[in-house]
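Colleague: Same order as they appear, the protein sequences are chains L and A. Numbering (the numbering used here) for the first sequence: 1 to 419. Numbering (the numbering used here) for the second sequence: 1 to 419.
Treat the hints loosely; a few may be bogus.
You can't tell identical chains apart in this list, so a pair holds if it fits in one copy or across any two.
To be verified - List of simulated lysine-lysine pairs, DSS-like, C-alpha gap at most 27 Å: (1) K364 / K278; (2) K364 / K69; (3) K215 / K364; (4) K338 / K195; (5) K270 / K69; (6) K215 / K145; (7) K195 / K7; (8) K145 / K23; (9) K278 / K7; (10) K69 / K145; (11) K69 / K195.
The set of hints was computed from the structure by calculation and includes no laboratory data.
2 protein chains.
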Amino acid sequence: MPTGQRKHVVIIGGGFGGLNAAKALTNTSVDVTLIDRTNHHLFQPLLYQVATAALSPGDIAQPIRAVLKRARNVRVVMDEVVGIDVDRRIVSTPNASFAYDHLILAAGSRHSYFGRDNWEVHAPGLKDLNDALHIRRQLLLTFEKAEAAIGTPELHQLLTFVVVGGGPTGVELAGAIAEIALRTMLPDFPRLHRKQIRIVLIEGQDRILSSFDPKLSRKATRALTRMGVEVLTSTRVENISEDGVQLSNLFLHSSNVIWAAGNSASPLVKMLNTPMDKGGRAIVDEFCAIPDHPEVTVIGDAAHFSHGLTSPLQAVAQTAMQMGKFVSKNILRGDVAKPFRFSDYGSMATIGRIRAITEIHWLKYSGVIAWISWAGLHIVMLMGFRNRLKVLIEWIWYYISFQPGARLLMSRDQEKQHP
Amino acid sequence: MPTGQRKHVVIIGGGFGGLNAAKALTNTSVDVTLIDRTNHHLFQPLLYQVATAALSPGDIAQPIRAVLKRARNVRVVMDEVVGIDVDRRIVSTPNASFAYDHLILAAGSRHSYFGRDNWEVHAPGLKDLNDALHIRRQLLLTFEKAEAAIGTPELHQLLTFVVVGGGPTGVELAGAIAEIALRTMLPDFPRLHRKQIRIVLIEGQDRILSSFDPKLSRKATRALTRMGVEVLTSTRVENISEDGVQLSNLFLHSSNVIWAAGNSASPLVKMLNTPMDKGGRAIVDEFCAIPDHPEVTVIGDAAHFSHGLTSPLQAVAQTAMQMGKFVSKNILRGDVAKPFRFSDYGSMATIGRIRAITEIHWLKYSGVIAWISWAGLHIVMLMGFRNRLKVLIEWIWYYISFQPGARLLMSRDQEKQHP
Numbered sequence: 001m002p003t004g005q006r007k008h009v010v011i012i013g014g015g016f017g018g019l020n021a022a023k024a025l026t027n028t029s030v031d032v033t034l035i036d037r038t039n040h041h042l043f044q045p046l047l048y049q050v051a052t053a054a055l056s057p058g059d060i061a062q063p064i065r066a067v068l069k070r071a072r073n074v075r076v077v078m079d080e081v082v083g084i085d086v087d088r089r090i091v092s093t094p095n096a097s098f099a100y101d102h103l104i105l106a107a108g109s110r111h112s113y114f115g116r117d118n119w120e121v122h123a124p125g126l127k128d129l130n131d132a133l134h135i136r137r138q139l140l141l142t143f144e145k146a147e148a149a150i151g152t153p154e155l156h157q158l159l160t161f162v163v164v165g166g167g168p169t170g171v172e173l174a175g176a177i178a179e180i181a182l183r184t185m186l187p188d189f190p191r192l193h194r195k196q197i198r199i200v201l202i203e204g205q206d207r208i209l210s211s212f213d214p215k216l217s218r219k220a221t222r223a224l225t226r227m228g229v230e231v232l233t234s235t236r237v238e239n240i241s242e243d244g245v246q247l248s249n250l251f252l253h254s255s256n257v258i259w260a261a262g263n264s265a266s267p268l269v270k271m272l273n274t275p276m277d278k279g280g281r282a283i284v285d286e287f288c289a290i291p292d293h294p295e296v297t298v299i300g301d302a303a304h305f306s307h308g309l310t311s312p313l314q315a316v317a318q319t320a321m322q323m324g325k326f327v328s329k330n331i332l333r334g335d336v337a338k339p340f341r342f343s344d345y346g347s348m349a350t351i352g353r354i355r356a357i358t359e360i361h362w363l364k365y366s367g368v369i370a371w372i373s374w375a376g377l378h379i380v381m382l383m384g385f386r387n388r389l390k391v392l393i394e395w396i397w398y399y400i401s402f403q404p405g406a407r408l409l410m411s412r413d414q415e416k417q418h419p
Numbered sequence: 001m002p003t004g005q006r007k008h009v010v011i012i013g014g015g016f017g018g019l020n021a022a023k024a025l026t027n028t029s030v031d032v033t034l035i036d037r038t039n040h041h042l043f044q045p046l047l048y049q050v051a052t053a054a055l056s057p058g059d060i061a062q063p064i065r066a067v068l069k070r071a072r073n074v075r076v077v078m079d080e081v082v083g084i085d086v087d088r089r090i091v092s093t094p095n096a097s098f099a100y101d102h103l104i105l106a107a108g109s110r111h112s113y114f115g116r117d118n119w120e121v122h123a124p125g126l127k128d129l130n131d132a133l134h135i136r137r138q139l140l141l142t143f144e145k146a147e148a149a150i151g152t153p154e155l156h157q158l159l160t161f162v163v164v165g166g167g168p169t170g171v172e173l174a175g176a177i178a179e180i181a182l183r184t185m186l187p188d189f190p191r192l193h194r195k196q197i198r199i200v201l202i203e204g205q206d207r208i209l210s211s212f213d214p215k216l217s218r219k220a221t222r223a224l225t226r227m228g229v230e231v232l233t234s235t236r237v238e239n240i241s242e243d244g245v246q247l248s249n250l251f252l253h254s255s256n257v258i259w260a261a262g263n264s265a266s267p268l269v270k271m272l273n274t275p276m277d278k279g280g281r282a283i284v285d286e287f288c289a290i291p292d293h294p295e296v297t298v299i300g301d302a303a304h305f306s307h308g309l310t311s312p313l314q315a316v317a318q319t320a321m322q323m324g325k326f327v328s329k330n331i332l333r334g335d336v337a338k339p340f341r342f343s344d345y346g347s348m349a350t351i352g353r354i355r356a357i358t359e360i361h362w363l364k365y366s367g368v369i370a371w372i373s374w375a376g377l378h379i380v381m382l383m384g385f386r387n388r389l390k391v392l393i394e395w396i397w398y399y400i401s402f403q404p405g406a407r408l409l410m411s412r413d414q415e416k417q418h419p
């Protein structure tokens, strides 16, 4: 809603990038429209804990309108973007069109199957709350099915869990699955045995967590192994079917395959008609803008930024947050735009209930202290006092009791309605 | 799994009745199989708070297996009962058959539309978590739709909320909807106005909460009116369509109609081939058994019990809990069964954020003190320390901030997958 001389900024996406861009523009001299398909900002780093039933969806999500309530110049629209015309400067949804002076595309990424999209149905990925609830249902239901399948050949397949991809998400998922399977669920199913359950983590490179220091990769591997996860490195997935995963030398029978191996940028990037990398990310200049369109910026997981760097910036929350703040400040600066400089605050991954690894420049540490830093940082980053307190209580309770708080299954019939 | 001389008790349903029956049989001389369609026990009295986004599903549900973990003689089966043969004493599911010595049917009730089942699609009811999530989505989405419909005739219809049925559930829903609509959502949608929102509670009898003392009904009506709810008594619903509710003298345009007017017992009761009342409840004798089958008991919402009473027992949690404990004790007693006697611990209903009405025999009170008794009782009754603490925090937070914790919408496309 451009009024008078005020510029109109359209932001697509309410994730870390888009929300931080909107915050930096709050109650300034521009008008802002933020468009998202959902009504909430999702704290994605903890999504794997919803998938493994430790947290409820409400614990890691906040309505975007509530976060931006005091921003009188920001309009929030829940709708699906179906068109972007960079020449006429118009964003369209099925219900409306929005003319912009500046566009910030912060549409994130989805998991990608390297062209093997038919794998998705057998190996769901984890990007939003629907994904997490789908995986959670499957994890919980498999134990119910396994109990009914005792004595049949299916039992082994039902109780084999395979995570494809040894990056932070895959490692966190495998650790969390090992805990929920072996420590939470197994005691509730007295007719099942420990040795019937298998958890396998598959990584194509020669070590997991390859973006970290090799020493930390080794520590993570040891921690996972102790927790009951088999870590297979230098292992490529050749096919995924209803029955399991075909590796080069082995077929793993499994009804529970989770995909954490690859991402590609939101399909909205294609609408910009701009050069992309092979992951579908827009290749942006030092201002996060696309060629010939300084008024169109792409940030976060949807951007490929490599100016002055040996490799492009990683698709993580801190990149998106810094870019969001940066592009908004440049819009307010007007003609005296500054180039983007990324400040690396380090990387973390958590392994199971109470271990983590942390790498901040030269500082590399692991174990309980790393986990405490991880937990503290994530609690602080979670928006909203209420969510912080709730997550803290859930965690304390879980660490004491091994009873995660969100193990719910609706009835079987109703399950079918949620594919 | 009957072993040797041990009797086998099959319990259908893991609600208040079935779970209390199983608890009373824990580690005794009988073997027990508890069959439920879901994996969780649901604390139904707080379901309306999930529907109005104050609580998450995980806050009011506990896995049945976890509750009965220490019961070594109880097997829990997640499955759908499709047949009961009272002559051959067999319960069947699509996957298995269970021969029993004693059957406890605790299958609860569903909302009923008095033969107008076509109303359900326009006026969903509230019995399980799926219902609650469906209503929650609709409530939250309607504000997003309304903002897009400003200036169109649809706006009024979108922002009119109608609750049909002035019993405790209807009153609690209407109060909670008034609060979430007027105090939580409205401030997030600055382009909508207070006067565009209408909340109507419809009751066929001449007063709401007719099972309570008339004085308390009047107090509840006054409290609801102050909160912005229009209470229409002696008003019958003639039809419900996509556009709204047809009353005898008036058509209420509304896209948000919720049904809280009637219940009928689970269809499983029909499989017993036993006399039923017009709500489909099995008419049971003083031992909660059906005629000619002392080994088949029906308890809770599925039972019609009126021995020595002027009217049948109400379908509330305390009836089900007492019956569950009672039938299990009788099974253990063997041939010296005692008749059931109900102990009335009073009734309560809550109206909005911090008011309630309470009636315990001659003691009738309302207001904040009644609400504190209500909150205390429900916190104590909620299973599991963790849930108690979480619900308490959610409530305290909500009462301070008016920001309920579970206002999430998935994307529009995905909404369609959850009818």
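Colleague: Indicate, hint by hint, whether the structure satisfies it.
Modeller: Taking the hints in turn, this is what the structure says about them:
1. K364 / K278: neither (31 Å within a copy, 71 Å between copies)
2. K364 / K69: Classified as neither; 40 Å inside a copy, 42 Å across copies.
3. K215 / K364: So K215 and K364 pass the 27 Å test inside one copy only (9 Å; across, 69 Å).
4. K338 / K195: neither (59 Å within a copy, 48 Å between copies)
5. K270 / K69: neither (32 Å within a copy, 53 Å between copies)
6. K215 / K145: neither (40 Å within a copy, 53 Å between copies)
7. K195 / K7: For K195 and K7, neither the intra-copy (64 Å) nor the inter-copy (32 Å) Cα distance is at most 27 Å.
8. K145 / K23: For K145 and K23, only the inter-copy Cα distance (24 Å) is at most 27 Å; the intra-copy one is 47 Å.
9. K278 / K7: neither (34 Å within a copy, 66 Å between copies)
10. K69 / K145: between (46 Å within a copy, 18 Å between copies)
11. K69 / K195: between (52 Å within a copy, 21 Å between copies)
Against the hints set out earlier in the document, violations occur for numbers 1, 2, 4, 5, 6, 7, 9.
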